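Novice: Take a look at the letters that make up each chain.
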Amino acid sequence: MGADHDLAAVLGSLRPSRADAGLVGADPARCARALGVDGVAASVLTDSGLSEVLWCTEGASARLEEVQFTLGQGPGAEAGAGCVPVLVPDLARVPAGRWPVLLPQIAELGIGAVFCFPLLVGAACLGTLTLQRTAPGPLPDAAMTDAWLVANALTAVLLEGGDQRDAFAAAQEGSEFYGAVVHQASGMISVQAGVSVARALLRLRAHAFRHGRPVTEVAEDVVARRLSFRDDENRPDSGAGGGTDGP
Amino acid sequence: MTREEHLLAAMVEAVDTLVDDFDLIDFLHQLCDRCNELLDVTAVGVMLADPGGRLHLIAASDEHTRLLELFALQTNQGPCVECHRNGTARLSIDLRSPAQTAAFPRFAQRARQAGFTTTHALPMRLRQQVVGALNLFDTREQNISGSDAQVAQALADVATIAILQHRTIVHGNIERAQLKAALSSRIVIEQAKGILAERWNTDLDVAFDALRGHARAHQLRLTELCQQVTDGTLDTTTIEHP
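In order, the protein sequence lines correspond to chains S and V. According to this note's numbering, the first sequence holds residues 1 to 247 in order. According to this note's numbering, the second sequence holds residues 1 to 242 in order.
The hints are simulated quantities; they were obtained by calculation from the structure and are not laboratory data. Source: prediction; values computed, not measured. The beta carbon of each residue, even a glycine, is placed where N, CA and C say it ideally should be. A few of these clues could be false.
Which stretches of chain S does chain V cover? Using the computed rule of at least three CB atoms under 8 Å from a CB of chain V, they are [said to hold, decoys possible]:
#, segment
1, 98 to 112
2, 129 to 135
Selected chain S positions facing chain V (in silico; Cβ < 7 Å) [stated by the list, open to error]:
#, residue
3, T46
4, L50
5, A171
6, Q172
7, F177
8, Y178
9, G187
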């Protein structure tokens, strides 16, 4: 009964209020508790084919979205492309070939089970709601039903528009965007390396992958000018300030 | 197949097609054919209201000119116009009766010339919303039975659901496009901040202020300006360094 009340409260607070900085209002940690999992994340597909995180619990869920963004593969991409839920109750039993590079990284995050739900608009898919849990095992029927409820409510909230979205689109003060630093870094790298921003983002992702680091962490280094892609086309410096014409 | 089975088949067809991306016009044509089969009438048409409330033919059981003309007439007058306005069915209208066709004499005359004797109009409505009307024509003089009227209304309901569902999907797609546009806008702003900050060797806030200032001064949308910065079509030296 307590969980029911929690879910009702989560659904009730999904719509952002003035105090909220993001496009979704509810506390993701509370949502995760109501669904009986360790973390949740909502991502929206962009025209580039990658997903941008718009709402997530800190830690493993945020990192899970990030490694999928870095590699461009995973349950989220599958759920988004196929408009179907991708339920992985035991990641240890997934054949290594399914997501070759991703699986070991997810294991490192200590995630045992992933449940990915498409955010459906008619026959099309807007993005995904991803639940993750340390303990492997299926999602109980009741939690499955609740997860679909949250997914549908999230879709409605994301589609609603309004002031919050306008503020977000114009990067107004106080409007949060999880992936902002990645795109700022892409802009900087595009100048440093003399390539398009799309290529710059690829370079950033490749660097994060090669060094086994979260892409936002690498992006923060670029923005803080601890890392530059200026000199070396093939191997960007990873040392502090190396190769920059820094201040 | 019995009539109930036919009706059920029409419903199942509707449900099947609605879950996926489907062709509304094609579906409504099929529905008109079903009406012909199930109700033994001569001709069937689905009229849909535009946002201004005017009716337009969206599907018909056949494309004979005489029939199409009859539907075309009903942008102004006819049983469908009344049916759509009032939200109630008008059944077994005798096209030869001046009393029954008092509201649409021109339409009745043309319908008789086209060889029809009887017409029925059923509203396509869901609760308060009337989206259009289903129009049946018969060359014989025929009072529609109670059970036929029910079948006709059931088919009108199927058409209604199809149309409303289709609108929901189309509307959803528009909203989806708007969310994507908001996201793209934000991304391109962040990229442009990065580009300018790197060129000027300043921090991101300075770059952002300069971009906003330039957009305001040149009456450009911020997203538009940032797009020009990221795709290299704007010479960033023209942006005033604060």
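Novice: All the hints need checking, so say for each whether the structure fits it.
Specialist: Consistency of the hints with the structure:
no. : hint       : verdict
1   : 98 to 112  : violated (count 0)
2   : 129 to 135 : violated (count 0)
3   : T46        : holds, 6 Å
4   : L50        : violated, 10 Å
5   : A171       : holds, 4 Å
6   : Q172       : violated, 10 Å
7   : F177       : holds, 6 Å
8   : Y178       : violated, 11 Å
9   : G187       : holds, 2 Å
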